[in-house]
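**Student:** From first to last, the protein sequence lines are chains U and E.
Residue numbers for the first sequence follow this note's numbering, so the first one is 1 and each next one is one higher.
Residue numbers for the second sequence follow this note's numbering, so the first one is 1 and each next one is one higher.
Bear in mind the hints are in silico, worked out from the structure with no lab data behind them.
Computed from a prediction, not measured in an experiment: that's the story for all the values here.
Note that the Cβ used here is the ideal one computed from N, Cα and C, for glycine as well.
Hints are not guaranteed to be accurate.
[What the hints assert, rightly or not] DEER-style ranges, computed between Cβ atoms: (1) U:N288 <-> E:E100: 34 to 40 Å; (2) E:T57 <-> U:R256: 45 to 51 Å; (3) E:E100 <-> U:Y299: 40 to 46 Å; (4) E:I161 <-> U:L137: 53 to 59 Å; (5) U:N236 <-> E:R178: 54 to 60 Å; (6) E:T57 <-> U:E305: 51 to 57 Å; (7) E:R178 <-> U:L137: 50 to 56 Å; (8) U:Q347 <-> E:Q197: 37 to 43 Å; (9) U:D274 <-> E:E100: 30 to 36 Å; (10) U:A131 <-> E:P56: 54 to 60 Å; (11) E:Q74 <-> U:G345: 18 to 24 Å; (12) E:N153 <-> U:V263: 32 to 38 Å.
[Said to hold, decoys possible] Think about it this way: if two alpha-carbon atoms lie no more than 25 Å apart in a straight line, the pair counts; the simulated PhoX-like pairs of lysine-lysine are: (13) U:K136 <-> U:K167; (14) U:K259 <-> E:K131; (15) U:K87 <-> E:K131; (16) U:K185 <-> E:K134.
[What the hints assert, rightly or not] According to the in silico footprint, chain U covers these stretches of chain E (three or more CB under 8 Å from chain U): (17) 57 to 64; (18) 112 to 123.
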Amino acid sequence: MEVPALLCNNYFFNNYFCNNYLRKIAVLFTAVIFWCPNLYAVQGENGWRNAFEIVAGGTYLADADADKMGLLYTTGIDARKVFAGSKSNIATVNLQLDMWCTDNQTRRPGFFEKDHDCDPVVRNAFVNFHASGDGKLNILLGHTELPFGLEVPVSTSKSLRTLLTPKDLAMKLDWGVGINGTLGKFDYSALLSRGSGIEYRHNKDPWSFTARVGHSINRQRFLPEPGLGLSIFRGNVLLTNGNISERERIALDGVRYFKRFGVVSQFSFGDTDDRETWNGLVELNWSNSIESAVGYIQYKSYNQEFLDGWKREKSGSIGARFGQIAGFTWAVQYTREFSSFKSNGDQDVLGFQLKYRWE
Amino acid sequence: MKYDDGRTHGHKTPLLRRGILWMLSLLLLQLSAAKAYAIAYCAIREPVSVIQEFFPTYTSYRTLEGLIDENVRQEIVEVLPESHFQEFGIHSLYVVYREETLIGFVHARTEKGRFGLDEIIWILGSDMRLKTFKFQKNRSGAIPQSMLVRLTNMLAGLDLIRVTNVLRTEPNLNQRDRVIISSAVKALFVTKAIWPQTQSPLTQSSELSGSALSSVL
Numbered sequence: 001m002e003v004p005a006l007l008c009n010n011y012f013f014n015n016y017f018c019n020n021y022l023r024k025i026a027v028l029f030t031a032v033i034f035w036c037p038n039l040y041a042v043q044g045e046n047g048w049r050n051a052f053e054i055v056a057g058g059t060y061l062a063d064a065d066a067d068k069m070g071l072l073y074t075t076g077i078d079a080r081k082v083f084a085g086s087k088s089n090i091a092t093v094n095l096q097l098d099m100w101c102t103d104n105q106t107r108r109p110g111f112f113e114k115d116h117d118c119d120p121v122v123r124n125a126f127v128n129f130h131a132s133g134d135g136k137l138n139i140l141l142g143h144t145e146l147p148f149g150l151e152v153p154v155s156t157s158k159s160l161r162t163l164l165t166p167k168d169l170a171m172k173l174d175w176g177v178g179i180n181g182t183l184g185k186f187d188y189s190a191l192l193s194r195g196s197g198i199e200y201r202h203n204k205d206p207w208s209f210t211a212r213v214g215h216s217i218n219r220q221r222f223l224p225e226p227g228l229g230l231s232i233f234r235g236n237v238l239l240t241n242g243n244i245s246e247r248e249r250i251a252l253d254g255v256r257y258f259k260r261f262g263v264v265s266q267f268s269f270g271d272t273d274d275r276e277t278w279n280g281l282v283e284l285n286w287s288n289s290i291e292s293a294v295g296y297i298q299y300k301s302y303n304q305e306f307l308d309g310w311k312r313e314k315s316g317s318i319g320a321r322f323g324q325i326a327g328f329t330w331a332v333q334y335t336r337e338f339s340s341f342k343s344n345g346d347q348d349v350l351g352f353q354l355k356y357r358w359e
Numbered sequence: 001m002k003y004d005d006g007r008t009h010g011h012k013t014p015l016l017r018r019g020i021l022w023m024l025s026l027l028l029l030q031l032s033a034a035k036a037y038a039i040a041y042c043a044i045r046e047p048v049s050v051i052q053e054f055f056p057t058y059t060s061y062r063t064l065e066g067l068i069d070e071n072v073r074q075e076i077v078e079v080l081p082e083s084h085f086q087e088f089g090i091h092s093l094y095v096v097y098r099e100e101t102l103i104g105f106v107h108a109r110t111e112k113g114r115f116g117l118d119e120i121i122w123i124l125g126s127d128m129r130l131k132t133f134k135f136q137k138n139r140s141g142a143i144p145q146s147m148l149v150r151l152t153n154m155l156a157g158l159d160l161i162r163v164t165n166v167l168r169t170e171p172n173l174n175q176r177d178r179v180i181i182s183s184a185v186k187a188l189f190v191t192k193a194i195w196p197q198t199q200s201p202l203t204q205s206s207e208l209s210g211s212a213l214s215s216v217l
């Protein structure tokens, strides 16, 4: 009898380690625990920036019939390194490898196959080659965020607060190749990608092209630098249900501050499977002087013209994020969904999240 | 509870699973120092626009990464107690070249502003003296042009000792002046402390430790 089969006959192993869900967690953490000290040592020696994140979040659907409470746990590694020559940068590498576990989520990422499931997730995994050496032309290869709308200046990485992009493009990350750089006061980015989203899938031959030009920014932030951006998107996107969705978009986004208040907005126009579409997001936020406490209210509107007329999906959210302790943030959000394309009933959604990130 | 694959578990099993996940997570916490930014690394970009603006004849730049450890942090806090927690972590210095010649440095600092975080980009000459600065993100209200000119003229060409002297001796500094000049002190001090390889012979001769800086102040 093989050793694994022998172990699985044992009650303890059968219950706790022959379960696929637990096995994935155990393998991940064992690997990370062995890898973690090495990464930390390497960081000091050759300039790798390594961080480790743990996030736990939940959503409570107040008006759902059953399975009201769902939880999502994630943990992962975020590593970055700039490879530099004697006079110029050669390439920047960013690797974000996670394990995500869902527990009874009614609304969960499409790659989860069961109510209780764990999956390894590759977020960013790309190399950005500094082709010109002066920052004017870089060539990117790998798995990356699509350069569309507010996702470029705003960091919503693993946060409760989301911005409209997934509703527009049906994906946030994709495998592809692109160019990017800075010309004067403007950053540009263009990406030709697989069109299958977070997982690489090639059936039905999806594809997508995304591009954005906007005011130059120094870094993504939860509250970003002020500026404007213009984005375009075209593609045949492979949805998680296996269907192809043909989409075109043009979008304008902007960020502006007035003392303690900020206004973030994005409006997109185009087609979704030959249906005219326009979507809009407006957010008013408030922060303290070190932005460790941020409150926001959002209004989102998604609109499509079906055969029987325009249908609208509207929602309003109020939320807050706190980060007074270094590396530790927690967030709460209440959303009322006034209607959706499929139903006219309201839905209240309560969300909460704890996040720890350390380097 | 029955799962899709046919296995069944008692009611306590999901709790145990979560317990294992959290125990392993806490174990990971113990393996690393708890000094953190809450910013993902995909977020970090390079201030190429500023390099292009202030070094129009540049041909390339190179990124140097450096770790602000407890010692550097302590030295900064001694002289600038208002420094906030984000001083921890890895910081970047951008070394700017024209062909084979080093023509300057760029270093970005995030500062507590009046209504939110300000991001000030400091431009240094090849001799590590201040040239000028620019607000990449300004949440403290617009800066009058006259104030910008006055501060730029006050700081241009100064090294670390002279900038700290300005902070100590200049009589007519308002609160915002002090925030900006303190940022300049941090930019120069951090640059000296964590990238000593970038110091020219000229600047090395006036190299300064944290305690020496304290005595200046």
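**Student:** For every hint, state whether the structure bears it out.
**Tutor:** Hints, one by one, checked against the model:
Taking the beta carbon of each, N288 (chain U) and E100 (chain E) are about 47 Å apart, not inside 34 to 40 Å as hinted. T57 (chain E) and R256 (chain U) have their C-beta atoms about 34 Å apart, which leaves the hinted 45 to 51 Å range violated. Checking the proposed 40 to 46 Å range against E100 (chain E) and Y299 (chain U) shows it is violated: the Cβ atoms sit about 55 Å from each other. In this structure, I161 (chain E) and L137 (chain U) break the distance hint of 53 to 59 Å, their C-beta atoms being roughly 40 Å apart.
In this structure, N236 (chain U) and R178 (chain E) meet the distance hint of 54 to 60 Å, their C-beta atoms being roughly 57 Å apart. Our hint of 51 to 57 Å for T57 (chain E) and E305 (chain U) holds, since their Cβ atoms are close to 53 Å apart. Between R178 (chain E) and L137 (chain U) the beta carbons are some 41 Å apart, a value that contradicts the proposed interval 50 to 56 Å. Judged by the Cβ atoms, the range 37 to 43 Å given for Q347 (chain U) and Q197 (chain E) is violated: they are separated by roughly 58 Å.
Taken as a hint, the range 30 to 36 Å is violated for the pair D274 (chain U) and E100 (chain E), whose Cβ atoms sit roughly 57 Å apart. Remark: the range hint 54 to 60 Å for A131 (chain U) to P56 (chain E) is contradicted by a beta-carbon distance near 21 Å. Separated by about 58 Å at the C-beta atoms, Q74 (chain E) and G345 (chain U) break the suggested range of 18 to 24 Å. Checked against the hint of 32 to 38 Å, the pair N153 (chain E) and V263 (chain U) passes, with Cβ atoms roughly 35 Å apart.
A distance of roughly 31 Å separates the Cα atoms of K136 (chain U) and K167 (chain U); the hinted pair therefore is violated under the 25 Å criterion. For the proposed pair K259 (chain U) and K131 (chain E), the alpha carbon gap of about 29 Å is over 25 Å, so the pair is violated. For the proposed pair K87 (chain U) and K131 (chain E), the alpha carbon gap of about 21 Å is at most 25 Å, so the pair holds. Pair hint K185 (chain U) plus K134 (chain E) holds up; C-alpha atoms about 13 Å apart against a cutoff of 25 Å.
Look at the stretch 57 to 64 of chain E against chain U: 7 of its residues bring a Cβ nearer than 8 Å to a Cβ of that chain, three or more, so the hint holds. With 8 residues bearing a CB less than 8 Å from a CB of chain U, the stretch 112 to 123 of chain E meets the requirement of three and the coverage assertion stands.
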